[in-house]
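Chains as they are written, first to last, in the working numbering: chain A, 1 to 149; chain B, 1001 to 1761.
Don't read these hints as lab results, they were simulated from the structure.
With a straight-line cut-off of 25 Å between C-alpha atoms, the simulated SDA-like cross-links for lysine to any residue are: (1) A/Lys110 x B/Glu1705; (2) A/Lys67 x B/Ser1649; (3) A/Lys110 x B/Ser1704; (4) B/Lys1757 x A/Ala59; (5) A/Lys110 x B/Leu1708; (6) A/Lys67 x B/Ala1748; (7) A/Lys67 x B/Leu1741; (8) A/Lys67 x B/Arg1751; (9) B/Lys1757 x A/Gly58; (10) A/Lys67 x B/Glu1755; (11) A/Lys110 x B/Val1716; (12) A/Lys67 x B/Val1639; (13) A/Lys67 x B/Ala1743; (14) A/Lys110 x B/Phe1703; (15) B/Lys1757 x A/Tyr132; (16) A/Lys67 x B/Val1735; (17) A/Lys67 x B/Ala1752; (18) A/Lys110 x B/Pro1630; (19) A/Lys67 x B/Leu1747.
Examples of chain A residues toward chain B, derived with CB under 8 Å: (20) Gly30; (21) His31; (22) Phe38; (23) Ala73; (24) Trp99; (25) Phe117; (26) Ala128; (27) Leu129; (28) Ala135.
Sample of chain A residues with no beta-carbon within 10 Å of chain B, all distances over it, derived: (29) Val5; (30) Val6; (31) Leu8; (32) Ala11; (33) Tyr16; (34) Leu24; (35) Gly56; (36) Arg61; (37) Arg63; (38) Pro65; (39) Lys67; (40) Leu89.
In this text, a Cβ means the ideal position worked out from N, Cα and C, and glycines have one as well.
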Amino acid sequence: MKRRVVMLEAAAGPLYWVILGSSLWVLLRGHNEPGGGFIGGLLAVSASILWAVSHGSGAARRRLPLKDPLRLAAAGVLLAGFSGLPAWLGGQPYLTHLWGKLPLGFMEYKVSTVLLFDLGVYACVWGALAGYALALLELDEGPPEEERR
Amino acid sequence: MAQANTGQGIGRVERLLFTALPLSALCLVLWKLARLELPLSASLSWVPALGIDLAFHIDGLSALMLLMISAVGTAVFLYAGGYMAGHSGQRRLFVLLSLFMLAMIGTVTADHLLVLFLFWEATSVLSFLLVGFDYHKSGSRRSAQQALLITGAGGLALLAGFLLLGQAAGTYRIREIIEVVPQLEQGGRLTAALLLILVGAFTKSAQFPFHFWLPNAMAAPTPVSAYLHSATMVKLGVYLLARLDPAFGEWPLWELLLKGAGSITAAWGMILALRERDLKRILAWSTVATLGTLVTLVGMRGEGASVAVGSLLLAHALYKAPLFFVAGNIDHGTGTRVIDRLGNLRHSMPWTAAVALLAGASMAGMPLSFGYIVKDVIVEAKSAGEVFAFAKAANTIFGAVAVAVAGVAAVRVFWRHPGVNESCEAREGSLSMILPPLALALSGITLGVFPFFAQGLIAGAAGAMVPVPREILLGITLEFGPTLASLALSYAIGLGVYISWDWLHERFDAAVQRIDRLGMAAHFERLLRGIPRAAAASTRFVQSGSLPAYVALAIGTLSLLLALVMALGWSSFAVPALGGIPGPAVLGACALIAAGALASLFQKDRLALLLSAGLVGYGSGVLFLFSGAPDVAYTQFTVETVFVIVAASILLVLRRSGRLSSLPEARWRPAALALAAAFGAVIMLLLFVASTGPFDPALSDYFSETSLPQAFGRNVVNVILVDFRALDTLGEITVVLLSFLAALPLLALRRAGRERKAEAE
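Excised from the complex, chain B in its bound form (with noise of 0.2 Å):
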């Protein structure tokens, strides 16, 4: 333990501890479905006022995702212990990282829109954190800063549109809201909440036109990117949308938007993926394009395309995570990710070899691998849907450059290959680098092999998409049809992407080099740049740095509010009557406000003007004291007494530094003359018209009625301060506390200054 103590890595025993927590969550997952208990349901009563329970249910697509959050999670863990070995930030990963399943289980279990989101934006923030898990470097906290700003923004959409969409359906349950949804009217509210959604869905889900920031969150450590950005977190998106498919899935706008963007994302990220030599960015970009697909998959009808969801979720888990394993492994082996200057590696790295050529099989769909039977499905479910003709070639495109991509990272860096080929130092990991990839790629095989074992499973999921009436069955169809042509052909494009893979790289880097401009990451770039720009040239304008010129802008803006606001409400108001000659005490307090008043028009020195402007506040206090205000009146006093010295000690400062006599005054100013008299006139109709209503004497009478009896206190403002209004005032103090934690910088700054000038003499 004294070795966790300087921060250099933990221990083993604290890295099993953090290890059991998703080992557990993964025990208990498949415990839960080995007996069938699903669905389970849970409440908590949390903010009972707004309706809002902390309510959960898990059917079988949260079984799903749990399946997958703690699998993987389990793989991660003990992968990141043999890949971080030794790093200072390993417990700030693990606890991240736990943290961030946690969120991720929260998420996908929730069954109140708002506990949902909740956890929705824990996530982005987490992932915030990790991808800028290397902080010290200006690209991770630069990807960082942009997963957070895009998948904030979208979690702002989400916000609205959950709001919209709960106030629509009358509840915020999700259970609830499906079966709600689909009776209600296609409205704009709806609509409106709808594209909402769909924002926050498509951001998280790294969707086209958001989908620039994934590849860029690969500045994370590998096994964040393998957890976060393949697995679990970027599959959100893919979840909220079939969550809620059955509320809207009749919808023309929703099928239209979700086939469009999906098929666009799969056809266009794989392209991108071309144009990489990174091997995580290439990985990055083939998640972009399954994720892609999976969308589009959502979009359409039937109860293949649920099926296929369910299977390709589970798929890519399996085969996506243990190939940035791979990624991780070279990258720790040899130093490098980039693929041109890998090759060879199967001899220094025999087993991550043997896990990439299992992941990559089923990466590629190859027969006897899981990916096999999700690419039968898929194509079933576009052959059995009407689709248009631009989501089959973007699935086409999409299969073939996934065989390429497979090739790429399980073949090519293994093996010869015909570019550069140095033999370059290499290394395997230790066991726990190699064990949790192998064990994920091998269940992604075993299912190929043994189908049924993930039937009740997927079944389970594609049941909360569509009412699945009959057994589906996953098998391996070895029929000749549309189904293996289909697969033929993207294996024969596919090998030819392979073998072409830098040509091809070439002419796409070249072609898309000349769009880059206009992409969706350059207006993003602008925009950051923009903000600030925008920011300081406002602030140059409003702040003109002239006291006289802000007291006129803030006095000036609020007669005219007051006045609009008046000429507006337009109501009755009377001058009132004076009742009769007010006693000597009010008359003298008058008196003494209106001596300081004139005597501050006349004065010339500052210290002067301060001290009958003071004059005019203990005017003030006197006409408070007897007009049965008397703790008005104190602190009228006290307020006046102290500012008065503060202000003076400030002057002398400034009279001392010889700043005061740089401004110069002019004796005659016609414009305040004419700013002061309006705010007056506007003030005093305001007095009018507020002494002209009839007075609603419900408040006070209550609290001077209750004050004794109730709170045993005579002095009523007292007694409404401390106890009737007690968490008002609590709130009070602790306003009047941070501001004075915000000031005491800027007044030691401006000490320190002091000191500096003073040494300088």
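Chain A with its partners taken away, still in its complex shape (with noise of 0.2 Å):
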């Protein structure tokens, strides 16, 4: 991070959170119309690498969930692996998905272990992919701030 971009930054927070929530909603409306977990983490990728371009790759990691990137994609694979089980306990082949309907009042909103599972590959997505791409992105970078002072 040689130069602040301020435009940049300004932009960036709003920004973030704008992409970050587009990202979910692909993933949460993915099995029904298009979008879905691999597409869902590829959009909040972006959203980490603009903070990577516009704070640095050390502030984008820090806002990952679990902090970094690693964790967050085998929380993911963990997730993704999880989601079969119940079934499976239950004596149906594994990742034989369940579903159930949780009343909202207004609407039903159908809930599934197919979300669970969905999740797992959007967080999979989202830390390992960020993960080369702020790694990559680092390599611009100067050493790390605490290095710097």
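Using the supplied hints, reconstruct the complex from the two chains, each of which is provided in its own coordinate frame.
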């Protein structure tokens, strides 16, 4: 981070959340409309990259859930793996998905282990690809802030 | 337990708990034997789709092996408690030994070829870990590597052999195989299976020409050597041969190879024993020779040979394990195992001397020991069956040098000998280092006096190889005849060898040194050194370090292969008809792609080149969007964006470090043009061929029909990803995670290098 670009920094603040929000929206609607965990995860990666370009890779990394790309990706794989367990414990083949309905008063939201699985894919893609991108972007930056002082 | 946590050895309670494992196994085996409950069978479905069951069957042969595994195991576990007292790796040793024992039990009880193979490989891996127990010594590491490479390569051959055998026999159950195979024609497939299985068994049991790894495995701690490399694991090869003997016993090839390799190993092993000065290595070579004799006996026909296999297996475990313990005690008490520096130890180590005498008597085949009975049985078997002269000579050498080796291990180091007679400092080990070998050696003598105790056991073991119609009789035969004459001959020669040990040693050492270069061990070493050299040479050849060369190589190979495939499977293709003028969106996308491609041709600046190449990606995205694949389009857009940003940032780094300008670019490259044109032409042809054939809509129809009713989703792509093929997706995201995990160190390295450079400046 050689120079601060004020406009980029200012724009990144709201944009980050807008991209993340849309990535979640893409993830959630994925089962019926175009979208899903992979695409949602990729969108989230672009949010992280935006933050890395504007505020530095370290800051973008700290903004990730679990504070660490590797941990995020690993948690994603675990989550996807676990989503298949309930059916297996119930005697059905592993990764048979279960569905339930969550009444919200004004509408019914369908909850399922599919969503857990897709969330796992989302987290894995976000973690791993953001990890790659941040590490590569880091090459362009100087030493971390702590050492510069 | 506080002591345990610091890694300084383990407490008494834990040691006892570990020792309870083999002890309970021993009690169980003895109980089952005493109640005559054999054979036992059990089966557990494991991979039903492949017909693999965890099938186990315990017959007489398995029971004999189990008895050795648990009895010697108990002794080894007790002994290790004293021998390794205070050693920081004691717990590791006990854990590995326990795992090893379980693997052994699995191997000798498995009734399914693949299950047997699984346990067999486990013993190889555990042997590697145990030989390399002192991993800080480079010698240990090399020996462990050698043992693993040889037994591991043998294991691969074994697997191939098992698969061939199972396919040919139509079953993988060992009990069924030995009934089916004799009725089959002796065709090429069975011969290949036979040879491969022999390679596996010979590597495991250190048969010529794979004999050299076993003495090197003596780098392991003594309890390990006593357990793995004399009493149990190295006998697995013999066990497997004995197990399959009913299947292949009538084959001339089987008989020839077993007798040939076994006899060579028996004689050569004993001659090599004469070369050694290290007590443990002397014992190791005599183990190799014993294994050779066992293999020879398996190869012989008749029930006498089968009885001999069973008795020699048992006798060897009962005398060789105590002798290894003796070597361990001497090492522990004096700090050396070199026989020149040892002598007169009977005063300082009386109990060890007693053990050595008892075990040595059995090894030499003295009357009133179990070894005597075994020798008797072997001589009878060999005079009964037709044996070629070489096997007889090998047996004589084996018997004679066994007497001499027993003399060295039991007499020479404890009494005076005609060499240097330093009276070295020595102290007797603790009780746990004396009792286990004493118990084993005493059982050897007990069985020698009362052989009928072992009768049922050995008859049962022999019954696995040949049907034993009548009750066999082991007895102390003192009749004069070929047996006693042969024994007397081996005693006499053995005594001569013992007396002239040092003289023979010098001669043999000098002689064998001359042919060392040609030996298998030397070839093996050369092979090991050659592999990295060949790898380096091929790497230097292929990896030129030039990115354009790599790209040209990859694209050129791909074009060639595709063209080849299409030329070989030349199917009809037609230029698809243009179905009218496509819509403006598709036309626009095509224009975008063309513009990006053309622009990238004329860009000299790499950043601009990257951006124009990005246009191609966006154009493809638009094309997808309007061709009914919005998911793919989304992904394409996002990937393209991320890629361009990251690649641009790397380009910027390179530009600042001044490396960009170092690559001169030619303006005009005819070769590159030809390659690009060829690749484009091949891909276009491929598309034509692909779109000519009839489209099979079975899968897409199935998914579009079942997506909503069965998986409650309208987006078929997503439903396939997360539901129908969820396991594939799980695998894919695992790969994504693993690739990141693998790339992390590389990326960190790059960063660390930059930081160091920045500091230096």
